[in-house]
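Novice: We have chain A; now place chain B onto it with these hints.
Chain residues, written in single-letter form:
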Amino acid sequence: SAVISQKPSRDICQRGTSLTIQCQVDSQVTMMFWYRQQPGQSLTLIATANQGSEATYESGFVIDKFPISRPNLTFSTLTVSNMSPEDSSIYLCSVERYDEQYFGPGTRLTVT
Amino acid sequence: AQKVTQAQTEISVVEKEDVTLDCVYETRDTTYYLFWYKQPPSGELVFLIRRNSFDEQNEISGRYSWNFQKSTSSFNFTITASQVVDSAVYFCALSEAGNTPLVFGKGTRLSVIA
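Chains as they are written, first to last, in the numbering used here: chain A, 1 to 112; chain B, 1001 to 1114.
Pulled out of the complex, with its shape left as it was, chain A reads as follows:
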């Protein structure tokens, strides 16, 4: 299995501010995926982060709002910028290893 940690586990932020979420994997992986789960909803892919290149964003998500960094093969960050209450969600990172997809524990974000 893959061990994935995320920081912070939860946060309460004021609207208009930004939060950076960290994702650390216990070994090197080519791609990391960032998902959002709004309250009571399913998971939606935000972007795919490949080391050494710009992240690829899904429709409805833009780099200015969700900038992603991928400085090495075990780490990535997702920033939620200029937050509004609609950004209140669980944010999860995910990796694939040995044909299985593993998810981090998630970051529960509440924007007031």
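Hint data in this document are derived by calculation from the structure and do not stem from the laboratory.
Certain hints may be false.
[Unchecked claim] Lysine-lysine pairs mimicking DSS-like chemistry, simulated, CA-CA at most 27 Å apart:
hint : chain 1 : residue 1 : chain 2 : residue 2
1    : A       : Lys65     : A       : Lys7
2    : B       : Lys1070   : B       : Lys1038
3    : B       : Lys1070   : B       : Lys1003
4    : A       : Lys7      : B       : Lys1038
5    : B       : Lys1038   : B       : Lys1016
6    : B       : Lys1070   : A       : Lys65
Specialist: Leaving out everything else, chain B in the frame of chain A:
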């Protein structure tokens, strides 16, 4: 485009009953993978199973079993003798082959009542 449909939004059963969660998928790929995840109230996603499109054999793991039928594009999940600890949201998901993101269904919330 890929799509996963979980028609059952919520299911409630009494403990020890069997329950089947339905999953229907759409894809144009000939090679793909199907997944089931469990999300308990604590929020983490627990991997349950991954099945590739070339393997239609049914899978059994303890009280859990999965029925994959390509003819009907379905990958259903059955819990036998349900327990209160099975209460969770269950997601079915689909991906193309090899290191690609998942497309999730909307999930089925299962409540098992003692």
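Novice: Taking the hints in turn, state whether each one holds.
Specialist: Results of checking the hints against the structure:
1. A:Lys65 - A:Lys7: 19 Å, holds
2. B:Lys1070 - B:Lys1038: 23 Å, holds
3. B:Lys1070 - B:Lys1003: Roughly 15 Å between the alpha carbons, so the hint for B:Lys1070 and B:Lys1003 holds.
4. A:Lys7 - B:Lys1038: 22 Å, holds
5. B:Lys1038 - B:Lys1016: The given pair, whose Cα atoms are some 19 Å apart, holds under the 27 Å limit.
6. B:Lys1070 - A:Lys65: At roughly 40 Å apart (the allowed maximum being 27 Å), A:Lys65 and B:Lys1070 break the hint.
Of the hints listed earlier, the one the structure fails to meet is number 6.
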